[in-house]
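> Sequence:
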Amino acid sequence: MKSLSFNRNYEIAENDVEATPLPDLNKEFATGPLKPAKCECCQFRSRIPHYLWTSHVCQTCSCSFNCAQHRYRTCLRLGNFTVVLERFDANGDGSELCLVVGPHWPFALLFTCGITISFPSISIYVFWGILPNVACYFLIAISCLVLVLLVVLGCQDPGIAKRLRERPMSAQDQFTKWVWNDQASTWRTTTDSYSHEMNVVIHDVDHVCPFTGTAISRKNIAWFLAFQVAVIALGFSLVIFIVWGLFLISY
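Heads up, the sequence shown is in the working numbering, so the first residue is 291 and it goes up one at a time.
Hints in this document: simulated from the structure, not taken from any laboratory.
Fair warning: there could be bad hints in the mix.
[Claimed, not checked] Simulated crosslink set (BS3-like; lysine-lysine; CA at most 25 Å straight-line):
1. Lys452 to Lys467
2. Lys317 to Lys452
3. Lys509 to Lys317
4. Lys317 to Lys467
5. Lys467 to Lys509
6. Lys452 to Lys509
[Stated by the list, open to error] What follows is a set of in silico ranges between Cβ atoms, one per label pair, in the way DEER data are often shown:
7. Lys467 to Val529: 39 to 49 Å
8. Pro323 to Ile407: 17 to 27 Å
9. Ile430 to Trp468: 49 to 59 Å
Backbone N, C-alpha and C fix where the C-beta goes; we use that ideal spot for every residue, glycine too.
Work out the full structure, taking the sequences as your base and the hints as a guide.
Below, the structure is given as structure tokens:
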């Protein structure tokens, strides 16, 4: 029988044959200078667990596996991002970032998710049996919608640019203005920007939102607008819910 071994930073090897190392994401993508990172699983000197803070996820702690004729890799550091899941194309088209979270994801998890869950839960607990059940179910549905949009927005690639060491000279790039970026050592267009917080070059970046934990750019701006609408709807629904409940209690 063939045995499959699960190796760190390597694909699954058959018969314990050494596999070919997968490429370094920080060489493929336009990232800035990386600070030495230490994590709990490889150096034992970190006081902060590696699964809590992006700065403590290092390149040597990643694991890779094969699934459905694709190679996947997990737990990677890309600039100040943490790549939760990356799919590698063996045909030479590069890597695809399937799940990636920004450096502010602990704040988004504790603050944004905390408020989204705690305020509606307390309100439903206080006014349960006073207000109609359909009002409580509606508030729960809006809260779940906000959480789903937050996860979708916070876990997708905001548009991290690939590293270009030479200026593109193709026909479609002749009318594009290219500039050299010293921080990431790459060519980029004038619409792309280097983010010091994210330590990467992002296509058409708009701003960095700590409430969602990631950067907002043209690639995910639609999800960000949907998230904002859902948050506003939740806020109005919560106010109406509380005022309605207090009114019924008073009279």
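> Does the structure break any of the earlier hints, and which numbers would those be?
8
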